[in-house]
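**Student:** The lines below spell out each chain.
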Amino acid sequence: MLKVGNYTFNSRLFLGTGKYPNYDMQKQAVDVSETEVLTFSVRRMNIFDADQPNFLEKIDLEKYRFLPNTAGAKNAEEAVRIAKLADASGLCDMVKVEVIGCDKTLLPDPVETLKATETLLAEGFTVLPYTSDDVVLARKLEELGAHAIMPGASPIGSGQGIINPLNLQFIMDQANVPVIVDAGIGSPKDAAYAMELGADGVLLNTAVSGAHDPVKMAHAMKLAVEAGQLGFEAGRIAKKEYAVASSPKEGISLGK
Amino acid sequence: MEITVNGDVLTVKEDITNIEELVQELHLEKKSLIVEHNQTILKKDKHKETAISEGDKLEIVHFVGGG
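For the protein sequence lines, the chains are Y and E, in the order given. Numbering-wise (the numbering used here), the first sequence opens with residue 1 and increments by one. Numbering-wise (the numbering used here), the second sequence opens with residue 1 and increments by one.
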């Protein structure tokens, strides 16, 4: 069980809802992933198109907990406004604080992320900040009261996977709140690796929505997160420099 | 009456007096949407009691796909 604030989840996979080829495929992918947390963004509506479809209309709202992000915010003030807009929907009180500080790398602005987190916590939100893999920043976010820490594995949408496992490990070792590896996951291997390192969960989007077969990849990610978590719990063997035979040396006579 | 919605100037009929009526006029009443009225974010139960006047600025937003 994963516990974030007052919420508990059986699944440790959080799924983004962006960039799927179509809603039917997205619905199937969400179903097979068995995720319980879906992320969304908040954007202006086209007020002149009353027939525009929306993914929210395709799913059973009771089955999922919504995690709106503050993507698009360049500073804390904008992030707080987006979070409050999302909250006014009445559908959620969790928020993924995402304040981008660099358009090219989409890496987060640490100062504004801290400020937004502090304000939203004071307003009573369940706050999950997306952050770089900085152990000191992660500690400061936790000290403010963040309900989870979401360090990136590599730049958003890059699919580069976990490029600095050491930093992620440092964050997981020190954290007393869940650590959810968010952004940069490319393949099931990456998701399993994050869990084996000790992550409490994984948030991914493009790795599934951009896959050749998103539904199959959603299934693969579910299994990868479960496998990685089981592997972590089981405790892997220590690495040794040289071989150690698995079969006994005694009890058989060969080559004589 | 002219108001600004999502950055566009919109001419609305004089009998539209509150947010709920505006949303109905736009045929968006069945949608999950959030309205910000002159920089005040409104919960849905405030739509009816929030009056619209000439020159008001509104943002109408909703959830879209994102990670």
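These are calculated hints, taken from the structure and not from any lab test. Any given hint could turn out to be false.
Below, computed lysine to aspartate or glutamate pairings styled on EDC-like, alpha-carbon distance capped at 20 Å [claimed, not checked]: (1) E:K43 <-> Y:D173; (2) E:K30 <-> Y:E78; (3) E:K13 <-> Y:E57; (4) E:K31 <-> Y:E78; (5) Y:K58 <-> E:E29.
Under 7 Å between C-beta atoms, here's a sample of chain Y residues computed to sit facing chain E [stated by the list, open to error]: (6) G18; (7) S89; (8) C92; (9) G101; (10) L144.
In this text, a Cβ means the ideal position worked out from N, Cα and C, and glycines have one as well.
**Student:** Please name the hints from earlier in the document that this structure breaks, with their numbers sorted from lowest to highest.
**Tutor:** Checked against the structure, the hints that fail are numbers 1, 2, 3, 4, 8, 9, 10, while the rest are satisfied.
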